[in-house]
Structures are given as structure tokens and as C-alpha cells.
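Asker: Sequence:
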Amino acid sequence: MNYYYRYHFYAIQGGKKIKFYVCANNVYSAIQKANKIYPRAEKIQMQHTERM
Numbered sequence: 017m018n019y020y021y022r023y024h025f026y027a028i029q030g031g032k033k034i035k036f037y038v039c040a041n042n043v044y045s046a047i048q049k050a051n052k053i054y055p056r057a058e059k060i061q062m063q064h065t066e067r068m
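Residues 17 to 68 in my numbering are what the sequence shown lists, from first letter to last.
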């Protein structure tokens, strides 16, 4: 059975800290989605994960 997880990230872009989350079933696809949402971010870091 596949579970979906909510991965909470924050991105630093243009001196602003932006909090957001993506839903995915593994870490690799969550990071891919986060990089597509904020491609120009200086830093993207995962904060925590919760199971849905």
C-alpha cells in the first residue's frame, strides 16, 4: 500500500523565507516538486514530514 506524505519545506528566495509543502510518496519526488516550484531559490530545506 502506498502512503502519501506531506513534506514541509522552506525556501530562501530574494532574502525572504517562504514556507510551503508538497505532497508526494517519497523524498526524491518531493524534492523534485520543490525545485520546480522555486527554481531560483538560493536554498531549499526540508523541515519535517507528516503522513496523510
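No wet-lab data here; the hints were simulated from the structure.
Cβ coordinates follow ideal geometry from the N, Cα and C atoms, glycine included.
Check the hints yourself; a few may be wrong.
As the list claims (entries may be wrong) - Here are the in silico distance ranges between beta carbons for each label pair:
hint : residue 1 : residue 2 : range
1    : TYR20     : ASN51     : 15 to 21 angstroms
2    : GLN29     : ARG67     : 16 to 22 angstroms
3    : ASN51     : GLY31     : 18 to 24 angstroms
4    : ILE34     : GLU66     : 27 to 33 angstroms
5    : MET68     : GLY30     : 26 to 32 angstroms
6    : LYS52     : GLY31     : 20 to 26 angstroms
7    : ILE53     : ASN18     : 28 to 34 angstroms
8    : GLY30     : GLN63     : 17 to 23 angstroms
9    : THR65     : GLN29     : 30 to 36 angstroms
10   : HIS64     : LYS32     : 16 to 22 angstroms
11   : GLU58     : TYR19     : 29 to 35 angstroms
12   : MET62     : GLY31     : 27 to 33 angstroms
13   : ARG22     : GLU58     : 30 to 36 angstroms
14   : LYS32     : MET68     : 15 to 21 angstroms
As the list claims (entries may be wrong) - When the alpha-carbon atoms are kept at most 27 angstroms apart in a straight line, the in silico DSS-like pairs for lysine-lysine are as follows:
hint : residue 1 : residue 2
15   : LYS59     : LYS32
16   : LYS49     : LYS33
17   : LYS49     : LYS32
18   : LYS59     : LYS33
Asker: Now, for every hint given, state plainly whether the structure supports it.
Answerer: Hints, one by one, checked against the model:
1. TYR20 / ASN51: 15 to 21 angstroms: Holds, since TYR20 and ASN51 (Cβ atoms, about 19 angstroms apart) stay within the stated range.
2. GLN29 / ARG67: 16 to 22 angstroms: 28 angstroms, violated
3. ASN51 / GLY31: 18 to 24 angstroms: Given a distance of about 20 angstroms, which is inside 18 to 24 angstroms, the answer is holds.
4. ILE34 / GLU66: 27 to 33 angstroms: 19 angstroms, violated
5. MET68 / GLY30: 26 to 32 angstroms: 31 angstroms, holds
6. LYS52 / GLY31: 20 to 26 angstroms: Roughly 22 angstroms apart at Cβ, these two residues keep to the hinted range, so it holds.
7. ILE53 / ASN18: 28 to 34 angstroms: 22 angstroms, violated
8. GLY30 / GLN63: 17 to 23 angstroms: Distance hint for GLY30, GLN63 holds at roughly 20 angstroms.
9. THR65 / GLN29: 30 to 36 angstroms: 22 angstroms, violated
10. HIS64 / LYS32: 16 to 22 angstroms: 21 angstroms, holds
11. GLU58 / TYR19: 29 to 35 angstroms: 32 angstroms, holds
12. MET62 / GLY31: 27 to 33 angstroms: Violated, since MET62 and GLY31 (Cβ atoms, about 21 angstroms apart) do not stay within the stated range.
13. ARG22 / GLU58: 30 to 36 angstroms: Violated - the Cβ-Cβ distance for ARG22 and GLU58, about 24 angstroms, lies outside 30 to 36 angstroms.
14. LYS32 / MET68: 15 to 21 angstroms: 28 angstroms, violated
15. LYS59 / LYS32: 11 angstroms, holds
16. LYS49 / LYS33: Given pair LYS49, LYS33 holds - Cα atoms ~18 angstroms apart, limit 27 angstroms.
17. LYS49 / LYS32: Given pair LYS49, LYS32 holds - Cα atoms ~20 angstroms apart, limit 27 angstroms.
18. LYS59 / LYS33: 9 angstroms, holds
Violated hints, listed in ascending order, are 2, 4, 7, 9, 12, 13, 14; each of the other numbered hints is respected by the structure.
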